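Asks: Residue numbers (the working numbering), protein chains in the order written: chain A, 1 to 503; chain B, 1 to 503.
Simulated from the structure, these hints should not be mistaken for laboratory data.
As the structure is a computational prediction, the values presented were derived from the model and not from experiment.
Treat the hints with caution; some may be incorrect.
Where chains are identical, the list cannot tell them apart; a pair therefore holds if satisfied intra-copy or between any two copies.
To be verified - Straight line, CA to CA, 25 Å or less: simulated BS3-like cross-link-like pairs of lysine-lysine:
#1 K442 <-> K36
#2 K36 <-> K309
#3 K259 <-> K94
#4 K411 <-> K442
#5 K87 <-> K289
#6 K2 <-> K111
#7 K346 <-> K471
#8 K289 <-> K94
#9 K36 <-> K111
#10 K36 <-> K471
#11 K259 <-> K276
#12 K411 <-> K2
#13 K452 <-> K309
#14 K2 <-> K442
#15 K346 <-> K6
#16 K4 <-> K442
#17 K471 <-> K2
#18 K259 <-> K309
#19 K419 <-> K2
#20 K471 <-> K383
#21 K419 <-> K383
#22 K471 <-> K4
#23 K4 <-> K309
#24 K4 <-> K411
#25 K453 <-> K346
Number of protein chains: 2
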Amino acid sequence: MKFKAKVLPLRTERVAVVLSHDDAAELGLLPGDRVKVTVDRRSFVAEVEIATEFVNPGEAGVCSFTAERCSIEERCEVEIVPFARPKSVEYIRKKLDGHRYERIEIGQIIKDISDGILSDIEMAAFILANEIVGMQDDEVQWMVEAMVENGERVSFDRGSVVDTHSIGGVPGNRYSMITVPTVAAAGLLIPKTASRAITSASGTADTMEVLADVNLSVDEIKEITERVGGVIAWNAAAGIAPADEQIIRVEYQLEISPKPHLMASLLAKKLGGGAKFIAIDIPIGRGAKIENIDLGRSFASSFMEIGRKLNLKVAATLSDGSQPLGNAIGPALEAREVLKAMEERKWGDLVEKSLGIAGILFEMTGVATNGYMHARKIFENGKTLEKFREIVAAQGGDENVRADDIPIGDKTYTLEAAKDGYVREIDVAVLNEIARTAGAPKDKGAGVYVHKKRGEVVKAGDPLLTIYAEKEWKLDNAIEVATAERPIVVSGMVLEVYGRRGV
Amino acid sequence: MKFKAKVLPLRTERVAVVLSHDDAAELGLLPGDRVKVTVDRRSFVAEVEIATEFVNPGEAGVCSFTAERCSIEERCEVEIVPFARPKSVEYIRKKLDGHRYERIEIGQIIKDISDGILSDIEMAAFILANEIVGMQDDEVQWMVEAMVENGERVSFDRGSVVDTHSIGGVPGNRYSMITVPTVAAAGLLIPKTASRAITSASGTADTMEVLADVNLSVDEIKEITERVGGVIAWNAAAGIAPADEQIIRVEYQLEISPKPHLMASLLAKKLGGGAKFIAIDIPIGRGAKIENIDLGRSFASSFMEIGRKLNLKVAATLSDGSQPLGNAIGPALEAREVLKAMEERKWGDLVEKSLGIAGILFEMTGVATNGYMHARKIFENGKTLEKFREIVAAQGGDENVRADDIPIGDKTYTLEAAKDGYVREIDVAVLNEIARTAGAPKDKGAGVYVHKKRGEVVKAGDPLLTIYAEKEWKLDNAIEVATAERPIVVSGMVLEVYGRRGV
Numbered sequence: 001m002k003f004k005a006k007v008l009p010l011r012t013e014r015v016a017v018v019l020s021h022d023d024a025a026e027l028g029l030l031p032g033d034r035v036k037v038t039v040d041r042r043s044f045v046a047e048v049e050i051a052t053e054f055v056n057p058g059e060a061g062v063c064s065f066t067a068e069r070c071s072i073e074e075r076c077e078v079e080i081v082p083f084a085r086p087k088s089v090e091y092i093r094k095k096l097d098g099h100r101y102e103r104i105e106i107g108q109i110i111k112d113i114s115d116g117i118l119s120d121i122e123m124a125a126f127i128l129a130n131e132i133v134g135m136q137d138d139e140v141q142w143m144v145e146a147m148v149e150n151g152e153r154v155s156f157d158r159g160s161v162v163d164t165h166s167i168g169g170v171p172g173n174r175y176s177m178i179t180v181p182t183v184a185a186a187g188l189l190i191p192k193t194a195s196r197a198i199t200s201a202s203g204t205a206d207t208m209e210v211l212a213d214v215n216l217s218v219d220e221i222k223e224i225t226e227r228v229g230g231v232i233a234w235n236a237a238a239g240i241a242p243a244d245e246q247i248i249r250v251e252y253q254l255e256i257s258p259k260p261h262l263m264a265s266l267l268a269k270k271l272g273g274g275a276k277f278i279a280i281d282i283p284i285g286r287g288a289k290i291e292n293i294d295l296g297r298s299f300a301s302s303f304m305e306i307g308r309k310l311n312l313k314v315a316a317t318l319s320d321g322s323q324p325l326g327n328a329i330g331p332a333l334e335a336r337e338v339l340k341a342m343e344e345r346k347w348g349d350l351v352e353k354s355l356g357i358a359g360i361l362f363e364m365t366g367v368a369t370n371g372y373m374h375a376r377k378i379f380e381n382g383k384t385l386e387k388f389r390e391i392v393a394a395q396g397g398d399e400n401v402r403a404d405d406i407p408i409g410d411k412t413y414t415l416e417a418a419k420d421g422y423v424r425e426i427d428v429a430v431l432n433e434i435a436r437t438a439g440a441p442k443d444k445g446a447g448v449y450v451h452k453k454r455g456e457v458v459k460a461g462d463p464l465l466t467i468y469a470e471k472e473w474k475l476d477n478a479i480e481v482a483t484a485e486r487p488i489v490v491s492g493m494v495l496e497v498y499g500r501r502g503v
Numbered sequence: 001m002k003f004k005a006k007v008l009p010l011r012t013e014r015v016a017v018v019l020s021h022d023d024a025a026e027l028g029l030l031p032g033d034r035v036k037v038t039v040d041r042r043s044f045v046a047e048v049e050i051a052t053e054f055v056n057p058g059e060a061g062v063c064s065f066t067a068e069r070c071s072i073e074e075r076c077e078v079e080i081v082p083f084a085r086p087k088s089v090e091y092i093r094k095k096l097d098g099h100r101y102e103r104i105e106i107g108q109i110i111k112d113i114s115d116g117i118l119s120d121i122e123m124a125a126f127i128l129a130n131e132i133v134g135m136q137d138d139e140v141q142w143m144v145e146a147m148v149e150n151g152e153r154v155s156f157d158r159g160s161v162v163d164t165h166s167i168g169g170v171p172g173n174r175y176s177m178i179t180v181p182t183v184a185a186a187g188l189l190i191p192k193t194a195s196r197a198i199t200s201a202s203g204t205a206d207t208m209e210v211l212a213d214v215n216l217s218v219d220e221i222k223e224i225t226e227r228v229g230g231v232i233a234w235n236a237a238a239g240i241a242p243a244d245e246q247i248i249r250v251e252y253q254l255e256i257s258p259k260p261h262l263m264a265s266l267l268a269k270k271l272g273g274g275a276k277f278i279a280i281d282i283p284i285g286r287g288a289k290i291e292n293i294d295l296g297r298s299f300a301s302s303f304m305e306i307g308r309k310l311n312l313k314v315a316a317t318l319s320d321g322s323q324p325l326g327n328a329i330g331p332a333l334e335a336r337e338v339l340k341a342m343e344e345r346k347w348g349d350l351v352e353k354s355l356g357i358a359g360i361l362f363e364m365t366g367v368a369t370n371g372y373m374h375a376r377k378i379f380e381n382g383k384t385l386e387k388f389r390e391i392v393a394a395q396g397g398d399e400n401v402r403a404d405d406i407p408i409g410d411k412t413y414t415l416e417a418a419k420d421g422y423v424r425e426i427d428v429a430v431l432n433e434i435a436r437t438a439g440a441p442k443d444k445g446a447g448v449y450v451h452k453k454r455g456e457v458v459k460a461g462d463p464l465l466t467i468y469a470e471k472e473w474k475l476d477n478a479i480e481v482a483t484a485e486r487p488i489v490v491s492g493m494v495l496e497v498y499g500r501r502g503v
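So that you can see chain A by itself, here it is in the shape it has in the complex (with noise of 0.2 Å):
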């Protein structure tokens, strides 16, 4: 049948067209079915979505961000038949029977899920598959090859590629900003694509912007790594992998992350970035991603089988995901500490942890023997603090920021020891909801520092953390998470007296 296109004011990131309720009758379509879209002599699949007013019959609706990605202009003239259910959704159903992917299987939904065919309740079903049935590693694996495939590529014709990567969870995990630098500065390419928060209250790529402009192209972090050795930039700008970001949303609202996607996610970014040699940081610990020591190693051991097919060399290590990483959690602050920790080479977790896996990648590729120690030269030698300022130059940031030029929120607000002792615990999740309730990743200069950590003695009176945040009414609610949840808690030696009286 013929339509006549209608563009509607509205933008969903699925191509799909609006049918009044007697066409879509007409053609025998129910929401969710497929038609083949034809406008020129250009054909697409897009979903069917019915109207029950404002799109008139004989008018074909799309919103605008098919009308462009479709070129279709308003008035136009486009012909609709119905078309099959992809067959992604039947290799869907094997998985949920219990089946295997084959190749072809998941390169196809994977295929799909990127031109924005599949319908959010199919990811859901792909997800919930995976989550319940599982996948075995050649299946991650292909998985990880249609990713790639169906994305924008970073190659390089010269040097070790280099890259690291954390699965995530702990707040505070900035140490890839020093890695990078560190391991540029002995001559290796580190591509290094980085997430945004989605749940934490900083990415990587959140606390990069403070001092740089993170939203580079493919062609970009080629050049820049090829003339300076590395780069920090936003994975989903790059356009590597886009399937991930799609399965990324779906998943957030199932608050299910599927073991095989995890390890997708981060090997399909790290390949389409164009590294052969990757440091996998897998947190363990309370709190973060995985809480169960057991779980780690066989994420570093799928890690490594699956990194072998794919033609990488994965080394994974497990950290300590307990406690945050450094002292502080959001944007401005991690960038103030990060740069602090090079400018006055400070030593602590954040620093031991950056050079530690810079020493695993220099061990990798043959740069170094004892690869630590060829790291903590590098930092003590100022060359870390030189090579990450040329990569702030060179994404268009200013090389002689400064730690103590980086504003940070003027509201602030300090919890205190209400007696003494020693911080027995650190409630992480809290902390991430105190510092996102401040307003972190949005306002830069959100977040919280903490300033005990765990094992350290305190007196009452002691700052145990600080919030800081660049609106009044941001800080009221954090401060209110904040006294309600106490995320650090302090004990005596004594956790607990029996027979004290009579029961």
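We have chain A; now place chain B onto it with these hints.
Replies: Below, chain B alone, put in the same frame as chain A:
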């Protein structure tokens, strides 16, 4: 934060507000998050969508459905604050992890679905969890109760209220159009609510609509049933168990109907309609919803058990679902066939099944000890036809309508047998596809007439089936399906011959 409302020219069936990217970030909201919206001291919960254009900062877009339902006027002030994810999502997670629902949990899920608060993604998780993990009888009972409580109800002050429903899947399964008047003629009350076709060529509501109005409110259903003894109405128009419509919409996209949902859907419609005695039809056979007789038996016993918990008296019959009931498929063709059977008191599988089920209801309510013979007497006396005409008239139809007056599609094509033999097999799924391709159920006059059923003797050149359509192009498409798929297989008694020539 305060916003100005902006009514958007689109209609979605969930309660949602659309915010600009900046405002959503300001509130720390991601797509799929919930907010509490307050207008004029009234509050409701809505899902957040994020627009990249068309909604300006400071504006809160609402679709016309939400605007109407929540009485929001253009430019009025609304206050929006983040709201925790509904508890239902946690309960769905629990089921995914293999646990049972508590009564209060499944009750809350159904309430949130009825209120339009759960997203499609969350409903997909609900459906998949119940498909994979399953539900026990008491969980289904609670689901039914919640579906009924969150919708309209019909209740009767007097009389034995009975009803019947098929779990469906068989073309032409219009037995209830004869069962209802037969039962009503004997003085029972039968407020039959029926479905429209989703993936089939016609539902009982579509077929009845050829003769009368089926969009009745619960008050009309009660009034007509009390006055003439019975009614055949579309369940969705009455607003009984509205969660059912939402669940079925998502199930359609997933191509999954979990067994507990099939049962809950049917029982909720009957319980909400006020019935106390229910005869359930479970068609079994290749191409039907249930292909295996053991599974059919397990359905039957679950129906009876759950019915008992709901204080319903339930009888279930397993019937032959491997070929159409009667010979007609499609609204007008079926309406003709049903009416003709009553006018001519003509015997056949349709009449036998209709009276068989009427007989079961007679025996359940103590109207007769040999229910089938009682039903047969009513039918043969012409009381069934007389009562049917009364019901048609009560629903606003023409009580003098005759089978031959019903218009059917004037574009026809007849497929003939290529050789002598007998009908070995009928593919009901293909018959359904032919009828839908010809235009059913939208084009009331479209459908298929099956001339020969399984076991019947056929001579070369005998008509096997006739396709009816209202539009030439739909007839052409249907002929294409019919000639490619050949839904009626004619064989000689000899099926295969071996050894005729050397291999």
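Asks: Now tell me if each hint is right for this structure.
Replies: We went through each hint and held it up to the structure:
Within a single copy, K442 and K36 get their C-alpha atoms only as close as 40 Å, which misses the 25 Å cut-off; across copies the closest is 21 Å, which meets it. Taking the shortest alpha-carbon separations for K36 and K309, neither the intra-copy value of 37 Å nor the inter-copy value of 48 Å comes in at or below 25 Å. Proximity of K259 to K94 under the C-alpha cut-off of 25 Å is found in both arrangements, the shortest distances being 19 Å within a copy and 18 Å between copies. Taking identical chains as interchangeable, the C-alpha atoms of K411 and K442 lie at most 25 Å apart only when both belong to the same chain, with a minimum of 16 Å there against 63 Å between chains.
For the identical chains of this complex, K87 and K289 are inter-copy neighbours only, at 22 Å across copies versus 33 Å inside a copy, given an alpha-carbon limit of 25 Å. Neither within a single protomer nor between protomers do K2 and K111 lie at most 25 Å apart by alpha-carbon distance, with minima of 28 Å and 41 Å respectively. Taking identical chains as interchangeable, the C-alpha atoms of K346 and K471 are never at most 25 Å apart, the minima being 32 Å within one chain and 81 Å between chains. For the homomeric pair K289 and K94, the shortest alpha-carbon distance between copies (19 Å) is at most 25 Å, but the shortest distance inside one copy (29 Å) is not.
In the homo-oligomer, the alpha carbons of K36 and K111 lie at most 25 Å apart inside one protomer (17 Å), although the nearest pairing across protomers, at 37 Å, exceeds that limit. In this homomeric assembly, K36 and K471 come within 25 Å of each other (Cα to Cα) only across copies, at 21 Å, whereas the closest approach inside a single copy is 50 Å. In this homomeric assembly, K259 and K276 come within 25 Å of each other (Cα to Cα) only inside a single copy, at 22 Å, whereas the closest approach across copies is 49 Å. For a Cα distance limit of 25 Å, the shortest separation of K411 from K2 across copies, 22 Å, qualifies, whereas the shortest one inside one copy, 60 Å, does not.
For the identical chains of this complex, K452 and K309 are neighbours neither inside a copy (44 Å) nor across copies (58 Å), given an alpha-carbon limit of 25 Å. For the identical chains of this complex, K2 and K442 are inter-copy neighbours only, at 18 Å across copies versus 45 Å inside a copy, given an alpha-carbon limit of 25 Å. In this homomeric assembly, K346 and K6 never come within 25 Å of each other (Cα to Cα): the closest approach is 61 Å inside a single copy and 53 Å across copies. Within a single copy, K4 and K442 get their C-alpha atoms only as close as 41 Å, which misses the 25 Å cut-off; across copies the closest is 22 Å, which meets it.
In this assembly of identical chains, the alpha carbons of K471 and K2 lie at most 25 Å apart only when taken from different copies (16 Å versus 54 Å within one copy). For the homomeric pair K259 and K309, the shortest alpha-carbon distance inside one copy (18 Å) is at most 25 Å, but the shortest distance between copies (41 Å) is not. In the homo-oligomer, the alpha carbons of K419 and K2 never lie at most 25 Å apart, since the shortest distance is 76 Å inside one protomer and 41 Å across protomers. In this homomeric assembly, K471 and K383 never come within 25 Å of each other (Cα to Cα): the closest approach is 38 Å inside a single copy and 78 Å across copies.
With identical chains, the CA atoms of K419 and K383 are never at most 25 Å apart, being 43 Å at best within one copy and 89 Å at best between copies. When the C-alpha separation of K471 and K4 is checked against a cutoff of 25 Å, the pair qualifies only between copies, where the shortest distance is 22 Å, while the shortest distance within a copy is 48 Å. Taking the shortest alpha-carbon separations for K4 and K309, neither the intra-copy value of 50 Å nor the inter-copy value of 55 Å comes in at or below 25 Å. In this assembly of identical chains, the alpha carbons of K4 and K411 never lie at most 25 Å apart, being 55 Å within a copy and 28 Å across copies at closest.
In the homo-oligomer, the alpha carbons of K453 and K346 lie at most 25 Å apart inside one protomer (17 Å), although the nearest pairing across protomers, at 88 Å, exceeds that limit.
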